[in-house]
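Residue numbers (the working numbering), protein chains in the order written: chain A, 1 to 163; chain B, 1 to 552.
Accuracy of the hints is not assured; some may be wrong.
Within a straight-line C-alpha distance of at most 25 angstroms, the following computed SDA-like cross-link-like pairs (lysine to any residue) qualify [claimed, not checked]:
{"hint": "1", "chain 1": "B", "residue 1": "Lys64", "chain 2": "A", "residue 2": "Asp146"}
{"hint": "2", "chain 1": "B", "residue 1": "Lys463", "chain 2": "A", "residue 2": "Asp146"}
{"hint": "3", "chain 1": "B", "residue 1": "Lys120", "chain 2": "B", "residue 2": "Trp345"}
Hint data in this document are derived by calculation from the structure and do not stem from the laboratory. What you are looking at is a predicted structure, and each value in this text was computed from that prediction instead of being measured.
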Amino acid sequence: MPIRYARPSAPSDDKRWKIVETRMRRLGDRPYALIEALHAAQEAFGYLDDDALHFVGDTLGVPHSRVYGVATFYSFFTLKPQGEHTCVVCTGTACYINGAKEILAGLERSLGVTPKETTADGKVSLLTARCLGACSLAPAVIVDGDVQGKVRAADLVARLEAM
Amino acid sequence: MSDMPAAARPVRRRVITEEIAEEPPRATAYVCEAASCLSLQSHDITVRLGEVVADAGLGDVEIKRVGCLGLCAAGPLVEIAETGRLFEKVTPDAVGPVVAALADVKQTDVRAPQGPFFEKQLRVATENFGRVDPESLDDYVERGGFEALRRVLSDMTSTEVREEVTRSGLRGRGGAGFPTGLKWTTVAKAQGTQKYVICNADEGDPGAFMDRSVLESDPYRVLEGMTIAAFAVHATEGYIYCRAEYPLAVARLRSAIRQAQRAGYLGSGIMDTSFAFDVQIRLGAGAFVCGEETALIASIEGRRGTPRPRPPYPAVSGLFECPTLINNVETFASVPTILRKGPDWYAAIGVGKSKGTKVFALAGRVVNTGLVEVPMGMTLREIIFDIGGGIIDGRPFKAVQTGGPSGGCIPADHLDTPVTYESLVELGSFMGSGGMIVMDDTSCMVDVAKYFMDFCRDESCGKCTPCRVGTTQMWMLLDRITTGRATGGDLAQLEHLAAIVQRTSLCGLGQGAPNPVFSTLRYFRDEYLAHIEERRCPAGVCTIEQPAEVMA
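Put together the whole structure using the sequences plus the hints.
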C-alpha cells in the first residue's frame with residue numbers, strides 16, 4: 001500500500017482549482033486519475049504550469065517526475081500559456097494532399113511563428129493537429145474552437161491578421 | 001468462473017413508462033448535425049427551419065436533428081424523410097425550397113432512389129445514421145434500439161451470445177481483423193473475478209473518421225454493443241477511450257451515458273435483470289500510439305502511453321492486470337444489429353473470411369467525400385468511382401491510400417480488387433480502421449511516403465529502438481530523395497532499414513511504419529528513380545535542389 005499523505009491545499013485561492021480537485025476526488029484521488037486531472041487543469045487554466053503539475057502530483061501521490069513525463073508525452077497538453085486566439089491547422093492525410101502544407105507555410109510567413117509558438121504580441125498561437133477527423137472538409141483548421149473546412153490560405157491569413 | 005444462469009435473474013425495478021402513442025408527423029425534415037455539417041452552421045438551419053415552419057402554420061411537420069447523412073462533401077444537408085429528397089449546401093437564409101418541399105409531402109409518397117452514393121451502400125453499423133436524433137434515447141429505442149440487449153438478457157446465456165457472434169464471422173473493425181467471437185471467448189474463459197470492457201475510440205489514423213461519426217450519430221448503439229459484450233464476457237465495468245480531438249463525440253457520449261443510466265440501460269439491474277454494467281469515458285491526449293491496445297491500457301491507468309510486449313494479451317491480463325476485452329467502436333456498433341437480425345443474416349454478407357460490412361471514410365481528391373458503409377468484397381473501383389463519384393475535376397486516378405500510417409498505396413491497376421482483409425494485405429496495404437484517401441496526379445508518391453514517415457517518427461513513443469531510430473533514419477533518407485540529394489545506395493539502404501524496422505519493432509506502429517515505403521516502392525519505383533537519377537519530381541510536388549554543374 002502506498003503511504004497516503006494529507007491532501008495538499010490548492011496553490012492559490014483561485015476558484016478554478018476546485019474544478020481540478022473535484023475531478024480528482026471523483027476518481028478517488030488515485031494515481032490513475034493523473035491524465036483526467038491534467039485535462040481538468042488545462043481546461044480550467046488553458047495550460048499546465050509548475051503549480052498545476054505539483055498540485056496534481058501531490059494530490060494523487062504521483063512523483064513530480066512522472067507527472068512531468070506524462071504531461072510532456074501527450075501532445076494535447078501544453079506547458080506554455082496560449083495566445084489570445086488559437087489556430088490549429090490539421091495536417092492529416094486528406095488535408096495534406098489538399099494543401100495543408102501551403103496553408104501552414106502561409107501562416108508561418110505572415111505570423112512569423114512556427115507551429116507550437118505564439119506571436120510576440122501574444123495574439124495568436126499557431127498549432128497543428130494530427131487529424132481532426134474533418135477529412136471531408138479538407139483542408140480544415142480550427143480557429144478559436146470553430147472548425148472551418150475547405151480553407152484557402154489567403155482568406156485564413158487575412159482573418160488572423162485582422163484579429 | 002462458471003457461466004451465468006440462462007437469463008440473468010429479474011429483480012424488482014421501476015417500469016420504464018411507456019410512450020404515449022402520438023400521431024406521427026405528416027412530413028419530417030432531417031437536418032444533419034454531425035461535426036462536418038455542424039461546422040457549416042447546420043444547427044442554425046434547424047432553428048431557422050423550425051421558425052419558418054411555425055410561421056407557415058405547418059403543424060404536422062417535424063424538424064429533426066440527426067447524425068451524419070453521409071455525403072459530407074455537399075453539406076450542410078437536409079433530407080425530407082418521406083420522399084428521400086436531399087437538399088445540399090443549405091444555408092439558414094435560404095430554407096424556402098425545403099419548407100416548400102415539406103408542405104408538398106403527401107401520405108402516398110415513397111422514398112425515391114437517391115443515386116449511387118446511397119443506393120450502393122449497405123448499412124449495418126451506420127443503419128441509424130441520418131435517422132435518429134443522437135441525443136435522444138427514446139428515438140433510438142423507437143428504431144429498435146436495445147432490442148438486442150433485451151433478447152440477450154432475457155433469453156440467452158453468455159455462451160450463446162458468444163456463439164452467435166462467432167457464427168456471424170464478425171472481425172475486429174479497428175484494423176487487424178481479429179475474429180471478435182474468439183476474442184470474447186478468450187476473455188470469458190480467462191481467470192479473474194473482475195473483468196473490463198474497453199471501447200477503443202482513439203481513432204488516430206489520419207484520414208479516418210468512421211468512429212467519430214458513429215459516436216456523434218448513434219452513441220447509444222455503441223453503449224448497447226458494449227453492454228452485450230460485457231454480458232458475454234462477464235464484465236461489470238467499461239471504459240470508452242476517446243480522442244480529446246473529438247469534442248462533439250465526447251459530449252454526445254456523455255449525454256448518452258447519462259440518459260442510459262437514468263433509463264436503466266446502464267448501471268445496476270439493467271432492464272430489470274440482475275445484470276450490472278457501467279461505462280466511463282477516458283479522454284486521450286493526442287498520442288497516436290494509444291490506439292495500440294497495451295498503450296491504451298497504460299493511458300487509462302494514467303501513465304505514459306507506451307506499449308508493452310505481448311503476451312500476456314489484454315484478454316488475459318489487461319487493465320489493472322485484469323482480463324480485458326478491447327474492441328473498436330465500429331465492432332461494438334455492429335453487434336446489436338447482428339444479434340437482432342441473426343448471425344446467419346450477417347454471415348451471408350461479404351466474401352470469404354471477410355463477413356459483413358465495413359464503414360469507410362472517403363477523403364482526398366474524390367468528389368463525394370464522406371462516410372460510406374459497403375458489403376465486404378466490393379471493389380475499390382465501385383467504392384471510389386460509383387459511390388465516390390470519381391476524381392475531382394476529372395483528373396486521372398493515381399492511387400488510393402488505405403490503412404493510415406501502417407497501410408499502403410494501391411495503384412489504378414488494382415482498382416478491381418474486391419476489398420477484404422486478405423486482399424488488401426496481398427496488395428501490400430492494410431484494412432486499417434477504414435480511411436480511404438484518394439490521390440490524383442497532383443500527389444507525389446515519394447512525398448506521401450515521407451509524409452507518413454514524418455508522422456510515424458513524430459508519434460513513435462520512443463520505447464523500442466527500431467521504431468524510434470529507424471523511423472527517423474528512414475525519414476532522413478526519404479528527405480534526401482525528395483530534395484534531390486540522394487545517391488543510388490540510399491534506396492537500397494532505405495529498403496534494408498525498412499525490413500529491419502518491420503521485423504523488430506515492439507508494436508504495430510513500428511511494424512507498420514515501413515508499409516507506405518514498401519507499397520510505394522512496389523508500385524511507384526519509377527518515381528523514386530526519377531527523383532534520384534534524373535533529379536526531378538514527376539508530380540511537381542518536391543522542391544529539388546539542382547546539382548551545381550546544372551545551375552552553372
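- In ascending order, which of the hints set out earlier in this document are inconsistent with the structure? Number 2 only.
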